[in-house]
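Asks: Dock chain W against the given chain E, drawing on the hints supplied.
2 protein chains.
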Amino acid sequence: MSTPSGGPRPLILVSNDDGISAHGILALASALDGLGDIVVVAPQTEQSAVGHSITIRDPVRAVAYPFRIPSGSILSWAVEGTPADCVKLAIDKLLPRIPDLVVSGINQGPNAAVNIIYSGTVSAATEATILGIPAIAFSYCRWNGGDFEASGRIARIVSVRVLEQGLKADILLNVNIPDLPYSELKGIRVTRQARSKWEESFTERKDPFGRSYYWLSGTFVNLDTGDDTDLGAIEEGYVSVTPVHHDLTAHGFLDEMQSWDLEH
Amino acid sequence: MSTPSGGPRPLILVSNDDGISAHGILALASALDGLGDIVVVAPQTEQSAVGHSITIRDPVRAVAYPFRIPSGSILSWAVEGTPADCVKLAIDKLLPRIPDLVVSGINQGPNAAVNIIYSGTVSAATEATILGIPAIAFSYCRWNGGDFEASGRIARIVSVRVLEQGLKADILLNVNIPDLPYSELKGIRVTRQARSKWEESFTERKDPFGRSYYWLSGTFVNLDTGDDTDLGAIEEGYVSVTPVHHDLTAHGFLDEMQSWDLEH
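Chains as they are written, first to last, in numbering that gives the first Met the number 0: chain E, 0 to 263; chain W, 0 to 263.
Hints in this document: simulated from the structure, not taken from any laboratory.
There may be inaccurate statements among the hints.
Pairs involving identical chains hold if they fit within one copy or between any two copies, as the list cannot separate such chains.
[Claimed, not checked] Cross-link-like lysine-lysine pairs, in silico, DSSO-like; alpha carbons within 30 Å at most:
| hint | residue 1 | residue 2 |
| --- | --- | --- |
| 1 | Lys92 | Lys196 |
| 2 | Lys92 | Lys205 |
| 3 | Lys185 | Lys167 |
| 4 | Lys205 | Lys185 |
| 5 | Lys167 | Lys196 |
| 6 | Lys196 | Lys185 |
| 7 | Lys167 | Lys92 |
So here's chain E without its partners, still in its complex pose (with noise of 0.2 Å):
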């Protein structure tokens, strides 16, 4: 198959934080066959809520992975790192040339509301946003098994729409799939990422040394029930896109913050 624009084959780079070995990643690789040249470079183990973590007291190390998807072998690496690592190092040492594309996932588990910000699903694609390149985080919406067969269409459709009319700078497409299948989901809905938090709670604990150990757990709380919210398009069977940006300037407060009188 030939690029959906007819130019030169475009390079879609693919990762994840559920690790090299995942289904997800998997999936996606393999729902992108033939529209482009794909390169595999995802972490070597499990980096989930990693959140935009990278490493810069160690050393990263990248070793080839046997990755295969319908059409054949492709190029893949398993980094010792974090997501954002992954694409660092693609992009500087690893690929042929820049990727037009990066996409990352697709992430067993939503990655909406505030769990966007833990997500190293997600700061895979911002690393590649920060460095100009338009991207896409893929997740989909069950914490456990499933079948990524709907997730994979989705991965496509929208994968072809940004190769073909590319992203605003800065911005990249979080997109959440729910648990139905193809057929069933209800059409693609642009959202906003809802408002929401976790009540923790952590769980105590006595080592075998009688040392106490905490282990966090908590209850999801949506303190927003917009229905242009991920979180309202997920529950009402609907694809998410929400575009995501890394500006953290809350903007709207700079003008109030003027009139403090910081100085004395």
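Replies: Just chain W now, kept in the frame of chain E:
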């Protein structure tokens, strides 16, 4: 000293990402001495560049730590975890009550422009903000050594103001202090995050067994020369105060995306 408002003594949680034994956190806790009950909960080891990483696959431990500020010993724990872990664990398990303010730092080195998203210092403040607590991140714009005296004075001024006035929900302050004596600081400027990126260049080396490894390095590139930016303020000798949120939705792009025909 009583509290600024004359009410009950505020509880102030101090954390950081350079680790509990760093000079900067001692400077910060000491600078706030007298403003309320101060408790330090910080990573046992340096956690720079962890971004908004949290520990979910492993337990975290907290051990009592001997922490002294000018007025005497204070409650303190060293946590085997990330800055975000520290704030979560402190609020859920270690503190006697919900804190009135969370401060993070004083980081050794600036946290401005794109580096905010890699910053563990800012991450501790972000976690507090998600949990509904006013928070401030402080960074001293010098990578090694120096004198935290001016930074400490600024930290106290800004903290008093936030204790008195509060902060808007979902917004934290990211404060960067230039490497100048207090008397030479030009003032305090409210700023936005500068657009910028790192141009990566991984150094490739061989280990003693002949295997390649890569070490991240790179050149910081400021893409944004506005004097209303954090980088602009710091360069001109002003303390930079940037209001930071964690709403990652690119709201300005939502309308444009509605016209995409994603369904086919």
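Asks: Give a verdict on every hint.
Replies: Here is how each hint holds up against the structure:
For the identical chains of this complex, Lys92 and Lys196 are inter-copy neighbours only, at 18 Å across copies versus 38 Å inside a copy, given an alpha-carbon limit of 30 Å. Taking identical chains as interchangeable, the C-alpha atoms of Lys92 and Lys205 lie at most 30 Å apart only when they sit on different chains, with a minimum of 15 Å there against 45 Å within one chain. Taking CA atoms no more than 30 Å apart as the test, Lys185 paired with Lys167 passes inside one copy only; the shortest distance there is 26 Å, against 37 Å between copies. In this assembly of identical chains, the alpha carbons of Lys205 and Lys185 never lie at most 30 Å apart, being 48 Å within a copy and 53 Å across copies at closest.
In this assembly of identical chains, Lys167 and Lys196 lie within 30 Å of each other by CA distance both inside one copy and across copies; the values are 29 Å within and 17 Å between. Taking the shortest alpha-carbon separations for Lys196 and Lys185, only the intra-copy value of 27 Å comes in at or below 30 Å, while the best inter-copy value is 39 Å. With identical chains, the CA atoms of Lys167 and Lys92 are at most 30 Å apart within one copy only, with a shortest distance of 26 Å there and 43 Å across copies.
Going through the hint list in order, the structure does not satisfy hint 4, though it satisfies all others.
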